[in-house]
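Required output: the full structure, derived from the provided sequences and hints.
There are 2 protein chains.
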Amino acid sequence: MQLILLSGGSGKRLWPLSNDSYSKQFLRLLPSPDGGRESMIQRAVRQARESGLDAQITIATGENQRDAIVSQIGGGVNIVTEPERRDTFPAIALACLYLGMEKKCGPDEVVVVMPCDTYTDIQYFTAIGKMADAVENGLAELVLMGICPHYPSVKYGYVMPGERNGELFSAKGFTEKPEIERAKELIAEGAFWNGGVFAFRLGYMLAIARQYTNAPDFWKAREEYGVFPKISFDYQVAEKAESVAVLPFKGMWKDIGTWDALSEVIGSNVIGNAIIDEHARNTHIINQLDIPCICIGANNLVVAASPDGILIADKYNCEQVKPYVSAFEVRPMYEERRWGTYKVIDNYTSSDSTRSLTKHLCIAEGRSISYQRHFHRDEVWTFVEGSGILVLDGQVRNVGKGDVVHITKGQMHAIKAVTDLHILEVQMGDFLDESDIERFEYKWE
Amino acid sequence: MQLILLSGGSGKRLWPLSNDSYSKQFLRLLPSPDGGRESMIQRAVRQARESGLDAQITIATGENQRDAIVSQIGGGVNIVTEPERRDTFPAIALACLYLGMEKKCGPDEVVVVMPCDTYTDIQYFTAIGKMADAVENGLAELVLMGICPHYPSVKYGYVMPGERNGELFSAKGFTEKPEIERAKELIAEGAFWNGGVFAFRLGYMLAIARQYTNAPDFWKAREEYGVFPKISFDYQVAEKAESVAVLPFKGMWKDIGTWDALSEVIGSNVIGNAIIDEHARNTHIINQLDIPCICIGANNLVVAASPDGILIADKYNCEQVKPYVSAFEVRPMYEERRWGTYKVIDNYTSSDSTRSLTKHLCIAEGRSISYQRHFHRDEVWTFVEGSGILVLDGQVRNVGKGDVVHITKGQMHAIKAVTDLHILEVQMGDFLDESDIERFEYKWE
Numbered sequence: 001m002q003l004i005l006l007s008g009g010s011g012k013r014l015w016p017l018s019n020d021s022y023s024k025q026f027l028r029l030l031p032s033p034d035g036g037r038e039s040m041i042q043r044a045v046r047q048a049r050e051s052g053l054d055a056q057i058t059i060a061t062g063e064n065q066r067d068a069i070v071s072q073i074g075g076g077v078n079i080v081t082e083p084e085r086r087d088t089f090p091a092i093a094l095a096c097l098y099l100g101m102e103k104k105c106g107p108d109e110v111v112v113v114m115p116c117d118t119y120t121d122i123q124y125f126t127a128i129g130k131m132a133d134a135v136e137n138g139l140a141e142l143v144l145m146g147i148c149p150h151y152p153s154v155k156y157g158y159v160m161p162g163e164r165n166g167e168l169f170s171a172k173g174f175t176e177k178p179e180i181e182r183a184k185e186l187i188a189e190g191a192f193w194n195g196g197v198f199a200f201r202l203g204y205m206l207a208i209a210r211q212y213t214n215a216p217d218f219w220k221a222r223e224e225y226g227v228f229p230k231i232s233f234d235y236q237v238a239e240k241a242e243s244v245a246v247l248p249f250k251g252m253w254k255d256i257g258t259w260d261a262l263s264e265v266i267g268s269n270v271i272g273n274a275i276i277d278e279h280a281r282n283t284h285i286i287n288q289l290d291i292p293c294i295c296i297g298a299n300n301l302v303v304a305a306s307p308d309g310i311l312i313a314d315k316y317n318c319e320q321v322k323p324y325v326s327a328f329e330v331r332p333m334y335e336e337r338r339w340g341t342y343k344v345i346d347n348y349t350s351s352d353s354t355r356s357l358t359k360h361l362c363i364a365e366g367r368s369i370s371y372q373r374h375f376h377r378d379e380v381w382t383f384v385e386g387s388g389i390l391v392l393d394g395q396v397r398n399v400g401k402g403d404v405v406h407i408t409k410g411q412m413h414a415i416k417a418v419t420d421l422h423i424l425e426v427q428m429g430d431f432l433d434e435s436d437i438e439r440f441e442y443k444w445e
Numbered sequence: 001m002q003l004i005l006l007s008g009g010s011g012k013r014l015w016p017l018s019n020d021s022y023s024k025q026f027l028r029l030l031p032s033p034d035g036g037r038e039s040m041i042q043r044a045v046r047q048a049r050e051s052g053l054d055a056q057i058t059i060a061t062g063e064n065q066r067d068a069i070v071s072q073i074g075g076g077v078n079i080v081t082e083p084e085r086r087d088t089f090p091a092i093a094l095a096c097l098y099l100g101m102e103k104k105c106g107p108d109e110v111v112v113v114m115p116c117d118t119y120t121d122i123q124y125f126t127a128i129g130k131m132a133d134a135v136e137n138g139l140a141e142l143v144l145m146g147i148c149p150h151y152p153s154v155k156y157g158y159v160m161p162g163e164r165n166g167e168l169f170s171a172k173g174f175t176e177k178p179e180i181e182r183a184k185e186l187i188a189e190g191a192f193w194n195g196g197v198f199a200f201r202l203g204y205m206l207a208i209a210r211q212y213t214n215a216p217d218f219w220k221a222r223e224e225y226g227v228f229p230k231i232s233f234d235y236q237v238a239e240k241a242e243s244v245a246v247l248p249f250k251g252m253w254k255d256i257g258t259w260d261a262l263s264e265v266i267g268s269n270v271i272g273n274a275i276i277d278e279h280a281r282n283t284h285i286i287n288q289l290d291i292p293c294i295c296i297g298a299n300n301l302v303v304a305a306s307p308d309g310i311l312i313a314d315k316y317n318c319e320q321v322k323p324y325v326s327a328f329e330v331r332p333m334y335e336e337r338r339w340g341t342y343k344v345i346d347n348y349t350s351s352d353s354t355r356s357l358t359k360h361l362c363i364a365e366g367r368s369i370s371y372q373r374h375f376h377r378d379e380v381w382t383f384v385e386g387s388g389i390l391v392l393d394g395q396v397r398n399v400g401k402g403d404v405v406h407i408t409k410g411q412m413h414a415i416k417a418v419t420d421l422h423i424l425e426v427q428m429g430d431f432l433d434e435s436d437i438e439r440f441e442y443k444w445e
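So the protein lines, in turn, are chains A and B. If you count the first sequence from 1, position 13 lands on 13 in full-length UniProt numbering, and the numbers rise without skipping. If you count the second sequence from 1, position 223 lands on 223 in full-length UniProt numbering, and the numbers rise without skipping.
Calculated from the structure, these hints are not laboratory results.
Copies of the same chain are indistinguishable here, so a pair counts whether it falls within one copy or spans any two.
Under the rule of at most 16 Å between Cα atoms (straight-line distance), these lysine to aspartate or glutamate pairs were calculated in the EDC-like manner:
| no. | residue 1 | residue 2 |
| --- | --- | --- |
| 1 | Lys-230 | Glu-82 |
| 2 | Lys-254 | Asp-121 |
| 3 | Lys-343 | Asp-433 |
| 4 | Lys-343 | Glu-434 |
| 5 | Lys-322 | Glu-278 |
| 6 | Lys-343 | Asp-290 |
| 7 | Lys-155 | Glu-176 |
| 8 | Lys-155 | Glu-181 |
| 9 | Lys-240 | Glu-176 |
| 10 | Lys-12 | Glu-319 |
| 11 | Lys-322 | Asp-260 |
| 12 | Lys-409 | Glu-438 |
| 13 | Lys-401 | Asp-378 |
| 14 | Lys-401 | Asp-352 |
Nothing here was measured: the structure is a model prediction, and the numbers come from that model.
Here is the structure:
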């Protein structure tokens, strides 16, 4: 069985902890079995592995999330990246083409697609196993998970059950994001929420994908990604399928994509350097900054602070944040990369419009940044912890705590951490952007 | 006439914008006549100068506030610093010894002492002029300002008026910080708040100071500062004086030493990079960080963010912050010095307990830092704006944008800004503290 985890999302609703390259599924806020904290995607992968499903996991995502996935999940999963953000139908089609053409999976193999940002428990994966069995046994071409509704939501899609066949129902019709009154009627008539979990044979989806591309291999198909319509899997596949069944699911299922919902599952009122006084009730603080945060006497708040910004929101109004954040259009101030993490600590524009940007970089032991150069900036690296190997215009040398390296425009440079490396980097130039980079191959010995 | 402004205070109530070296009177939050913002002490000095009192101004303060005063007030005022923090009686005695012995003021000259952190208008200075006239005309040895109480406060001292003489009353008795019921009685009986404004002849106070020190000059007296008892001027002088009069004052008088009071006079709901959505009522944000702050749907809050920390407080509970802040015991993350300002942007302790501290320094045009060396840290300076003159172990050279200077332990260094200089400074060492500094004379050409 192949399990495709969809990892998308712009993450604006959980600003300032999430940003465009660090979506909500990467926030390490959920209590993990070892007593620490894990992210939504780490939790989903861990649960899938513990479930006994014996599924090969493929994560379908955008190129800008690849580094965060590698950093959080490590090996043992496939990663398929869209060359551009489209919608769930093209993303699932691309992942299936990858499984068929790159991984040589057979057309009869059962594929289950699931989102990675739903808060569930192990029963959810038991249900996924049943959906796969139903496809395996030919009960339907497409089986989807029907969540027993908790309330008449206007944010979800609904699927109406038809005839019953064991634990399954046939699917009689779909309604996407109804008005509140229609939602109440749908629930009264027995409709389920569409949980975005789909099971089908690989060949079923490949046949649909083949309507758009005849590329001879996966990489060619990926190049032609623009041929796929920007449309959801629900509209393009589920609603058009001839044989669709629904497996009802009554277990734990939470959408924790908003601060009020997320605060209910993180298990404590404070994460990070923060104090809530005894007079403040039902208030949560998540502080990812080094500086302390104190909340005095204020109730029903979510406070979230990160290098990107500070949010103070009434818990029951916190979804209103999205339009304000969209107006910012600022660079991410924190990112998790395959080589480690960086945090922007100072961002200064001088009177003549040249700029400086100061970062605290942490390169993890054994990891390296690519051999690269920049055309618009100098960089000054001050090494404050660890040891590493520096390559500067082809010259290799050891560097470590106390060293200072001045990298000028156009100089080729790479660094590999022998032990965890902490570097204060001051960038200076007229254009300071992650896109000002030219990468080269470098063979570390 | 000599006007002594008392500038003290630990500033914990206005955390995180104020700290031990940057007390509340230095926060540039009050609307100024030029449309910008000024601090409490800037406002007091400006009002005193505009009042037509023709007073020479002396600021009595602690050594740790000298730089902020020089930076905010510039020249034209005397600054007398206590060698250690004691109380208002010793501070006023020291300032009077300075006026008598260093400034050679005569014993008949009238001195008025006032706090610098009261929010008032020009009428307050008119009243100060009347107090000085009353002393000048021999109506009393000591005249104090009696504020007509706004409510039965338990935080202030009360003075009971006796016999009336023109606009003045004799003072019949003092009550310091009464219980609420007693405060109500006092007000019913006609008591005033003691506004902490006192007028007397210099000789009157010098005679009292001479009970503790016979030092032949001011600097010797300052060395002996410990001989003065730690006691307030009210207890030591006002309550013991034989001839005390009170001048009632009904004009504007606000104690803006707490967030709720301060927020009422700053004239806007937002200062800095912040957004308050339309659903949030009676909420104020003061954001001194570069990152944005968004408040959604939360009412009656004060939000204050600075490099020292973040406060979210219900406006009517915000005084509770003091004990929490006292528990921190952290270094100031922002300071205003005579040469400019610095902001701590990163504070990192490595696994082997060595540390790095990164600052953004701004040295104002024409200003310089002293010739100095450190014994426990290296410093790496990356110049991101401006030009200056660097002295490094006696060698003088020009430096400016794009330069990098590595100053190792023990190296003597000084810098003078030719134009405003912005420097990213990375400190590295086993002990990173402002006290690790040895200063030397340097004659700039």
